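Chain order of the listed sequences is A and B.
The numbering of the first sequence is our numbering, which starts it at 1 and goes up by one.
The numbering of the second sequence is our numbering, which starts it at 1001 and goes up by one.
Derived by calculation from the structure, the hints in this document are not laboratory data.
Keep in mind the model is a prediction, meaning the values are calculated, not measured.
C-beta atoms are modelled at their ideal positions from N, C-alpha and C, and glycine is treated no differently.
Some hints here could point you the wrong way.
Residues on chain B that point at chain A, a partial pick, calculated with CB under 7 Å [stated by the list, open to error]:
id	residue
1	His1018
2	Ser1021
3	Trp1163
4	Leu1176
5	Leu1177
6	Thr1222
Partner residues aside, some chain A positions facing chain B, computed with beta carbon under 8 Å [to be verified]:
id	residue
7	Ser95
8	Gly153
9	Ser155
10	Leu159
If you want the footprint, here are the derived chain A segments under chain B, 3+ residues with CB under 8 Å [stated by the list, open to error]:
id	region
11	74-82
12	129-136
13	166-179
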Amino acid sequence: MKTSPAVYGLIAEFEDPTSLVTAAHRARHEGYRRMDAYSPFPIEELHEALGAHPTRLPLIVLIGGLCGCVGGYALQYWASAIAYPINVAGKPLHSWPAFIPVTFECTILVAALSAVLGMLALNGLPMPYHPVFNVPRFALASRNRFFLCIEAGDSKFDLEETRRFLETLNPREVTTVSD
Amino acid sequence: MAASHRSQGTPPVIAPGHTFSTVTDKISAIVLARKTPIGWYAGFAAAFALTLLLLVSLTYLVLKGIGIWGNNIPIGWAFDLTNFVWWIGIGHAGTLISAILLLLRQTWRTSINRFAEAMTLFAVACASIFPLFHTGRPWLAYWLLPYPNTMNVWPQFRSPIVWDVFAVSTYATVSLLFWFIGLIPDLATLRDRSQSKTGRIIYGMLAMGWRGSAHHWHRYETAYLLLAGLATPLVVSVHTVVSFDFAISILPGWHTTIFPPYFVAGAIYSGFAMVLTLAIPIRAVYQLEDFITMRHLQNMAKVMLVTGLIVAYGYMTEAFIAWYSADKYEGFVPINRMTRSSGRSDCSCRCCSCSCASCR
């Protein structure tokens, strides 16, 4: 790193989503890797423009759903056939068709919980403090402005040079983000 | 707010002349800037008075027992089950709008999904009152849950009532998650726009540090889509399980396979009616005509027309099967309902609901 540790990175502000996507493409082309873009609503192309990997979330949800499914069925089998075997209307103790609704509900419940908790965990939320919040105009990232931040941790990062590069992308302004 | 932006591409969904910022400003102003109107206090007072009435009634119910509902036979449900089914049904429209319409890529849903989801949460909360108090000893309701206990007993998993416990509690949890996940980016918008310190702290804690990062949005969208995919079969299953409460019994007139689809259609029918009942005054009071447009109202009316006709078809099938079964007990039930004095009101209710659906 060529800069003092007090700098988190450089952030450029754009007025519309298209400029942000173009800027992200250009920055990646230029060789920058550690960067993030911020927008008030999801932009599909942006994730790819930043060169990120597909998320593991669907796998987490699948595993959660399978755990719920097996766990729900096992609970019913154990409770009805082993722990508390009572004769109900002459039905067999392991009356599997009657166990399907609860098994289904448990599958959905655990899968949904893993989707939400998995998303929050992979995103590192809750995170009350983040350096980008130090930029006063960043409050507009949830309204109508679009930001691209190149982080100081990037091997190619240089305070002067990166700033000059960001200026060529036609941003509204470029700000230094203090850590 | 974030959700509303997504529908910018198709003009009829939102009135012309809006940009990203005007949508955000107008909607967040309702929460942050607008002075609470006197009418709000009047509405709150009326709702509060009715809530007090509920508390008085529930206290009387706990003191005297469920016999005050005229329910004195141990296998009967009547009043409370009717209410339970109705409230659960109301909730279904919220999930349908948030989950099924998302999967079908109906972008118009974004103007109405949040409050429809909130309506679902309140409807499920209302619904859960009835089975809990029907037990007569609501403080022992946790006996319905499977947990290791000193009595060494476990729930009877072959009973639809236990299926109900799982279906409704899962439904309530998933609805809450769906609603809250959808709310996180909007809470971040409110945090960034709030003028007061208290507002910033409260919204900031609820938004959990959301900053609209592209990586976050990607996982967020994946999670939201997966939740919709999970909630879609869930919403169908919940009212199916509720209908099993009746259909699993061997009572003539109730032991029938049409119940699950017929209950689900009825739920969506009444649920959309409730969404409209709430949406029309809300859009007038908060001047949201630009965001909840005639197109939304029309689409919702169409959904009601279709589901209303399915319900009418269900009624007709019920009567037809009663005759076609050649079972004299099955055949007796509809005749008895149509000719008995208390049955006549039931019959006219059904006719009204069928003709309402087809006139619309």
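Practice item. Determine which of the earlier numbered hints do not hold for this structure and return their numbers in increasing order. Key: 1, 4, 8, 9, 10, 13
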